[in-house]
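Visitor: Put together the whole structure using the sequences plus the hints.
There are 2 protein chains.
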Amino acid sequence: MDKIIPETLKKVVEEISNLPGYGEKSAQRLAVNVLSMPRGEALNLIKIFMEMLEKVHPCKECGIYTEEEICPVCSDEERDRSSICVVEESFDAFAIERTRKYRGLYHVIGGRLSPLEEITAEDLNIESLIRRVEKYPVKEVILATNPTVEGEATASYIYNLLKNKGITISRIAYGLPFGAVLENADDFTLSKALEHKTPI
Amino acid sequence: MDKIIPETLKKVVEEISNLPGYGEKSAQRLAVNVLSMPRGEALNLIKIFMEMLEKVHPCKECGIYTEEEICPVCSDEERDRSSICVVEESFDAFAIERTRKYRGLYHVIGGRLSPLEEITAEDLNIESLIRRVEKYPVKEVILATNPTVEGEATASYIYNLLKNKGITISRIAYGLPFGAVLENADDFTLSKALEHKTPI
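Line order of the protein sequences matches chains P and Z. Per UniProt numbering, the first sequence starts with residue 1, numbered consecutively. Per UniProt numbering, the second sequence starts with residue 1, numbered consecutively.
Quick caveat, the hints were computed from the structure, so don't treat them as lab data. Treat the hints with care, as some may be off.
[Stated by the list, open to error] The calculated DSS-like cross-link candidates involving lysine-lysine, where the alpha carbons are at most 30 Å apart (straight line), are: (1) P:25 <-> Z:47; (2) Z:10 <-> P:3; (3) Z:10 <-> P:11; (4) P:47 <-> Z:47; (5) P:192 <-> Z:25; (6) P:101 <-> Z:11; (7) Z:11 <-> P:47; (8) P:47 <-> Z:60; (9) Z:25 <-> P:11; (10) Z:165 <-> P:101; (11) Z:165 <-> P:25; (12) P:101 <-> Z:3; (13) Z:60 <-> P:3; (14) Z:47 <-> P:60; (15) Z:135 <-> P:3; (16) Z:55 <-> P:11; (17) P:3 <-> Z:192; (18) Z:139 <-> Z:165; (19) P:3 <-> Z:101; (20) P:25 <-> Z:192; (21) P:25 <-> Z:25; (22) P:47 <-> Z:55; (23) Z:10 <-> P:25; (24) P:3 <-> Z:47; (25) Z:3 <-> P:139; (26) P:25 <-> P:3; (27) Z:55 <-> P:10; (28) P:11 <-> Z:135; (29) P:55 <-> Z:10; (30) P:25 <-> Z:55.
Guide: Given below as structure tokens:
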């Protein structure tokens with residue numbers, strides 16, 4: 001009965017379902033959304049996707065997505081070159097930039113160690129991080145991978161590679177998120193929040 | 001600080017966020033997913049999207065997405081032409097086809113009435129449904145819009161347009177989904193499941 005689904009639509013849904021974080025349903029939704037758009041708008045969407053693919057690539061230094069050879073952070077003379085903040089993806093760096101609290105450099109490893117998705121250290125930009133730490137006068141590396149089991153494992157993996165290089169290695173703090181309800185916090189977060197209590 | 005995000009990437013995220021069901025986060029995820037693909041695969045994804053946009057369009061009769069002028073259901077001589085099943089989207093029809101329990105025709109209205117999203121009856125293919133009912137020897141219309149508040153409102157709207165045309169109008173049944181835990185069912189579903197109890 002699957003003959004009823006047009007071949008090209010089936011192919012699009014199949015390809016999108018293969019993207020991480022997408023299932024069949026969300027792939028169908030995306031395909032239908034694009035099909036329901038006025039044709040001109042849909043073609044425009046594809047055009048800007050093409051433009052993005054042509055222009056955007058990882059910064060040669062840190063891996064942040066940029067349209068230049070070297071990203072605005074790495075090429076900014078005023079940034080503190082003694083500090084590197086390691087993140088999983090460019091958007092994590094963009095989020096940290098929004099806080100305006102960090103003036104150092106970044107390093108995007110491009111994911112996290114994940115045995116389930118068969119992502120190993122070789123698939124991540126970890127070697128280039130070690131090279132940067134060895135080449136430049138780096139004093140601190142902040143491990144800002146996500147506070148998940150996989151992000152945690154990735155942080156310890158990098159910690160082990162860097163621990164004997166005579167630099168400070170920090171991990172972003174665990175604690176209660178702003179607006180959270182204490183009663184609903186998970187035990188791990190709550191115990192970390194207590195452990196790292198700060199004097200007022 | 002938003003200068004750090006490449007312009008073309010920002011544009012893609014903005015456009016995707018405008019699609020129904022997408023927010024900024026899911027749009028970012030999609031953009032990053034496409035950027036992280038090997039360039040060849042990303043271009044291939046765009047190519048098959050283009051192919052889909054070129055070939056797939058709504059069936060002239062019922063509105064199901066098809067690569068033909070008339071979809072496989074409408075052009076199948078063996079389908080029961082006295083019954084029309086009204087669905088919100090093509091994928092709803094595809095799902096019903098998978099059950100192999102329905103042998104009539106479909107009518108895709110292309111969404112649901114939604115005051116919040118400013119979708120009114122004029123935005124949906126309802127007029128063409130009325131024309132089909134008047135033109136062909138239709139005996140039954142099954143309203144299979146989603147069992148949601150908006151789907152329900154859409155079903156009653158169509159019911160009111162059709163109720164004086166001397167045909168049977170049905171609504172797909174409410175009840176407990178297979179595998180559900182009775183204790184966790186919402187009151188509305190549970191009361192409908194009792195109301196429509198069937199003899200064994």
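Visitor: Hints first: check each against the structure and report whether it holds.
Guide: Going down the list of hints, with the structure as the test:
no. : hint            : verdict
1   : P:25 <-> Z:47   : holds, 21 Å
2   : Z:10 <-> P:3    : violated, 38 Å
3   : Z:10 <-> P:11   : holds, 27 Å
4   : P:47 <-> Z:47   : holds, 11 Å
5   : P:192 <-> Z:25  : holds, 27 Å
6   : P:101 <-> Z:11  : holds, 26 Å
7   : Z:11 <-> P:47   : holds, 11 Å
8   : P:47 <-> Z:60   : holds, 28 Å
9   : Z:25 <-> P:11   : holds, 25 Å
10  : Z:165 <-> P:101 : violated, 67 Å
11  : Z:165 <-> P:25  : violated, 36 Å
12  : P:101 <-> Z:3   : holds, 16 Å
13  : Z:60 <-> P:3    : holds, 18 Å
14  : Z:47 <-> P:60   : holds, 28 Å
15  : Z:135 <-> P:3   : holds, 28 Å
16  : Z:55 <-> P:11   : holds, 12 Å
17  : P:3 <-> Z:192   : violated, 34 Å
18  : Z:139 <-> Z:165 : holds, 10 Å
19  : P:3 <-> Z:101   : holds, 16 Å
20  : P:25 <-> Z:192  : holds, 27 Å
21  : P:25 <-> Z:25   : holds, 18 Å
22  : P:47 <-> Z:55   : holds, 18 Å
23  : Z:10 <-> P:25   : holds, 26 Å
24  : P:3 <-> Z:47    : holds, 22 Å
25  : Z:3 <-> P:139   : holds, 27 Å
26  : P:25 <-> P:3    : holds, 19 Å
27  : Z:55 <-> P:10   : holds, 12 Å
28  : P:11 <-> Z:135  : violated, 36 Å
29  : P:55 <-> Z:10   : holds, 12 Å
30  : P:25 <-> Z:55   : holds, 22 Å
Violation of the numbered hints given earlier is confined to hints 2, 10, 11, 17 and 28; the remaining hints are satisfied by the structure.
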